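Peer 1: Sequence:
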Amino acid sequence: MVRGLTRKKVRFVVVGGVAAAAHGSSRITNDLDICYDASDKANLVALASVLSSWDAYPRGVEPNLPFILDDRTLLGAPVLTLTTNEGDIDVMDRIAGVGDYAAVSLHSERITALGVRFRVLDLPSLIKAKRAAGRPRDFEHLPELEALLALTNRRG
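Counting from 53, one number per residue, gives the positions in the sequence shown under the numbering used here.
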């Protein structure tokens, strides 16, 4: 999925479980969470195009209902949880505890995985986001993320 987004030059930062895994978390995630730049129409069009090519549809919604995924849909729904033929993806225009794409991008770092170069939310900001989300599963993940941060701080 990340490869498809980068090929279309979508501006995004990986957040959530995949970002945590990039920092060494042992938790397994079943979806990709991204924060995208909603301030630029061209980016919205590019993201909508990629998602449409993957037959994206709202997760948990009765199949075959009318759904148009375009730049207007992205602007009108700042959080979308989608299922696609590539896998599940959550797309957000802001991250609790961090901010909009501009803020998220400032608190991200570039990594390369499986030959693809992309941005992931840095570990301190990921911890802030997990706290701000306030979900039990996020609170349960905090001890591991904080331990990873402590290890990183000791090394660096």
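One or more of the hints may lead you astray.
[As the list claims (entries may be wrong)] Label pairs and their calculated CB-CB ranges:
#, residue 1, residue 2, range
1, Leu-117, Arg-207, 44 to 54 Å
2, Thr-204, Pro-118, 14 to 24 Å
3, Arg-124, Lys-61, 18 to 28 Å
4, Pro-118, Ala-185, 22 to 32 Å
5, Leu-117, Glu-161, 31 to 41 Å
6, Asp-122, Gly-151, 16 to 26 Å
7, Leu-127, Lys-61, 14 to 24 Å
8, Leu-203, Ile-120, 39 to 49 Å
I should point out that these hints are in silico values taken from the structure, not numbers from a laboratory. Predicted model only: the values in this text are computed from it and were never measured. From the three backbone atoms N, C-alpha and C, an ideal C-beta is built for every residue, glycine too.
Peer 1: Each hint: holds or not?
Peer 2: How the hints compare with the structure:
1. Leu-117 <-> Arg-207: 44 to 54 Å: Because 50 Å falls inside the window, the suggested range holds.
2. Thr-204 <-> Pro-118: 14 to 24 Å: Since the Cβ atoms of Thr-204 and Pro-118 sit about 47 Å apart, the hinted range of 14 to 24 Å is violated.
3. Arg-124 <-> Lys-61: 18 to 28 Å: For Arg-124 and Lys-61 the Cβ distance comes to about 20 Å; the hint holds.
4. Pro-118 <-> Ala-185: 22 to 32 Å: For Pro-118 and Ala-185 the Cβ distance comes to about 31 Å; the hint holds.
5. Leu-117 <-> Glu-161: 31 to 41 Å: Hint holds: Cβ distance 39 Å, inside 31 to 41 Å.
6. Asp-122 <-> Gly-151: 16 to 26 Å: 25 Å, holds
7. Leu-127 <-> Lys-61: 14 to 24 Å: 19 Å, holds
8. Leu-203 <-> Ile-120: 39 to 49 Å: Check passed, 46 Å falls within 39 to 49 Å.
The structure shown violates just one earlier hint, number 2.
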